[in-house]
Amino acid sequence: MLMSNRKLKPQVRNGSDARVDLMLVSDMVERGAKVLDVGCGDGELLQILADTRNVDGRGIELSREGVNECVAKGLAVIQGDADTDLADYPDDAFDYVILSQTLQATRQPRVVLEHMLRIGRHAIISFPNFGHWTVRMQLMFQGHMPQTDILPYSWYDTPNIHHCTIKDFVQLCQTVGISIDKAVALNAWGSPLRLNAPWWFWNMFGEQGVFLLSRKS
Amino acid sequence: MNVNPNQADLARDQIVRDADNPRDSNIARFGADKPLTLDAGVELSPFQIAYTTYGTLNADRSNAVLICHALTGDQHVNNVHPVTKKNGWWETLIGPGKPIDTERYFIVCANVLGGCMGTTGPASTNPATGKPWGLDFPVITIRDMVRAQAMLLDHLGIETLFAVIGGSMGGMQVLQWAASYPDRVFAALPIATATRHSAQNIAFHEVGRQAIMADPEWKGGRYHLEGTNPRRGLAVARMGAHITYLSDAALHRKFGRNFQDREKATFSFDADFQVESYLRHQGISFVERFDANSYLYLTRAMDYFDLAADAGGILANAFRDTPTRFCVISFTSDWLFPTPESRAIVHALNAAKARVSFAEIVTDKGHDAFLLDEPEMFAIVRGFLDGAGKARGLPWLSAKK
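Here the protein sequences come in this chain order: A and B.
Each residue of the first sequence is one higher than the one before, counting from 5 in the working numbering.
Each residue of the second sequence is one higher than the one before, counting from 222 in the working numbering.
Among these hints, one or two may not hold up.
[As the list claims (entries may be wrong)] Taking lysine-lysine pairs in the BS3-like style, the calculated list, with each CA pair at most 27 Å apart, reads:
#, chain 1, residue 1, chain 2, residue 2
1, B, Lys574, A, Lys38
2, B, Lys475, B, Lys306
3, A, Lys186, A, Lys220
4, B, Lys574, B, Lys611
5, A, Lys38, A, Lys77
6, B, Lys255, B, Lys352
7, A, Lys220, A, Lys38
8, B, Lys611, B, Lys319
9, A, Lys38, B, Lys611
10, A, Lys186, A, Lys38
11, A, Lys77, B, Lys319
12, B, Lys307, B, Lys475
13, A, Lys220, B, Lys255
14, B, Lys319, B, Lys306
15, B, Lys319, B, Lys307
16, A, Lys220, A, Lys171
17, A, Lys77, B, Lys611
18, B, Lys574, A, Lys77
[Unchecked claim] Every beta carbon over 12 Å from chain B, so not counted as near; a handful from chain A, in silico:
#, residue
19, Ala37
20, Asp87
21, Trp204
22, Phe209
By construction, these hints were calculated from the structure, which means they are not laboratory data.
Idealized CB from N, CA, C, for every residue including glycine.
All chains, full assembly: derive it from the sequences and hints.
Shown next as structure tokens:
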């Protein structure tokens, strides 16, 4: 089940009060594109995309409150579940399909990823990196399941059932045959890490990864 | 049930008068040069449509909103009803500053084809005989109703509707509008509805029709000519249907097992319980404003409704490449048009790449919730129309938000 992921999202905001990771995602979207935001929460990203990139945006959100809030704002959002409802969309329906901080909460991340790149030309995925050094330290030295700002839940009530590291995700993309057009790792303050850093560095010091993907032609 | 016979006869005669000459309504008449071709394969001509309008049509005719009424509704959506003297049936939603703002939009609401409030139906005068049509009236469909409405809009000089809005049978018309005339509908708001009538709903309708036809005063539909009135049958049909518009929880909250004006059971078949008394009242008051044959025709039209069947069995094909934006709304306790029916609409619209919003509203008020005070629905309708208005570039008639 895809949980409403609003609580999971880091609340790092820049001067204009927009979340840094959302600004980063919106910068990856071409102007005027057709976009599906899967797990769109209260519609913050869709609103940013509509206001700044002039996109034709749609959303799917599991929580009824989130959906009704979005629709009341005039956003085209339906109640639905990434695991079951992406199958209803036809091929090439969108330019971009976005999954923000939600991949780790899906039952079948690989199927979700494949659907995203079937119905969209591009996919943009952001997720918390389970390889971050603070996560590793908690498991290694304290011997319990990690809890961090971006992963605040106890093991017994977390909606996150498929954690992965940046390295794991890159491997999945290779297995499925997806091309990584752009990748950014954000540190704990939401700022992008050095662009030319090696993967192991990102995997250790990136708190979350943001990927722009497309089908391999 | 104590339906006063004299009063009921007066009501029946008034229904016939209203069917030809409705009060507080405009009438569009379509002569022999403009016949209505029906799905049944016959032409209806001449015929008339009774309608009301509210607000002002703007200069470029871009702010028209069509409201489609439900089975037993009519065109008096926002004015005092000439028969019942009650306020308009959707006054909660429509009016100055309300979600469907009469200061912004030009609102049109027409009595449906087959109805009995001034649009041609079985209680109207058959021009061939000079008597009420009765069962000689052709069987009509939801698509026929929408065709007639399209002719009305041509008559009014409105090419494109900013929005078509309706619940229940009105929602069926909204969906049919979007399927039949995608380029004439900018935004569609089907509420508490479905793309086809379910077997259970057909079954309920059949019980209602049988109640009417089992009344000896129905006289094979010729009661207008025979001077009788199947008021008991129609009242029972209404009572049965009314239960389906509510919910177990709503009935329990309203009435529970409370007695009506008595301390204990009377050991008779009087209306001991409040819920019985309430239903009887619903039945009796319905007879005063509705024609029994009209009830047969309109329930039949709903039964025949199946958008997918009209589109080769694939619902998405009914909306292929639609430019219309949709907002689908359902209610958690609606068991007549439950949420899965709305989900089926949404799935089809997604498959057709349509722009669609879908919200389910939590309420215990059942199917009737769409007519009641549901602030969340109001917020959603307002937000959806505001968003659509922005996209349409509507010049607001009022700066009021």
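Hint check results:
Proposed proximity of B:Lys574 and A:Lys38 is supported: the alpha carbons are some 11 Å apart, at most 27 Å. At roughly 24 Å between alpha-carbon atoms, B:Lys475 and B:Lys306 fall within 27 Å of each other, so this suggested pair holds. Restraint check for A:Lys186 and A:Lys220: the C-alpha separation of about 14 Å stays at or below 27 Å, so the hint holds. Note on B:Lys574 and B:Lys611: the hinted pairing holds, with a Cα-Cα distance of about 21 Å set against a maximum of 27 Å.
Straight-line distance between C-alpha atoms of A:Lys38 and A:Lys77 comes to about 19 Å, which keeps the hinted pair within the 27 Å bound. Of the pairs offered as hints, the one joining B:Lys255 and B:Lys352 holds, with about 22 Å between alpha carbons and a cut-off of 27 Å not exceeded. For the hint linking A:Lys220 to A:Lys38, the alpha-carbon distance of about 20 Å falls within 27 Å, and the restraint holds. With a CA separation close to 17 Å, the supplied pair B:Lys611 and B:Lys319 stays within the 27 Å bound.
For a cut-off of 27 Å, the pair hint linking A:Lys38 to B:Lys611 stands: about 18 Å separates their Cα positions. Between the alpha carbons of A:Lys186 and A:Lys38 the distance comes to roughly 19 Å, so the proposed pair stays at or under 27 Å and holds. Annotation: proposed proximity of A:Lys77 to B:Lys319 holds, straight-line Cα distance about 16 Å (limit 27 Å). Between B:Lys307 and B:Lys475 the alpha-carbon distance is near 21 Å, which keeps this suggested pair within the 27 Å criterion.
For the hint linking A:Lys220 to B:Lys255, the alpha-carbon distance of about 58 Å lies beyond 27 Å, and the restraint is violated. Distance check on the hinted pair: B:Lys319 and B:Lys306 sit about 22 Å apart at the alpha-carbon level, within 27 Å; holds. The straight-line distance between the Cα atoms of B:Lys319 and B:Lys307 is roughly 19 Å, inside the 27 Å bound, and the hint therefore holds. This hinted pair checks out: A:Lys220 and A:Lys171 have alpha carbons roughly 19 Å apart, not beyond 27 Å.
Straight-line distance between C-alpha atoms of A:Lys77 and B:Lys611 comes to about 12 Å, which keeps the hinted pair within the 27 Å bound. The hinted pair formed by B:Lys574 and A:Lys77 meets the criterion: a straight-line CA distance of about 21 Å does not exceed 27 Å. Separation of A:Ala37 from chain B is adequate, the least Cβ-Cβ distance of about 14 Å exceeding the 12 Å criterion. The claim that A:Asp87 lies off the interface holds: its Cβ sits roughly 15 Å from the closest Cβ of chain B, which is beyond the 12 Å cut-off.
Under the 12 Å C-beta cut-off, the non-interface status given to A:Trp204 relative to chain B holds; the minimum distance is some 41 Å. Every CB of chain B is more than 12 Å from the CB of A:Phe209 (nearest about 40 Å), matching its label as outside the interface.
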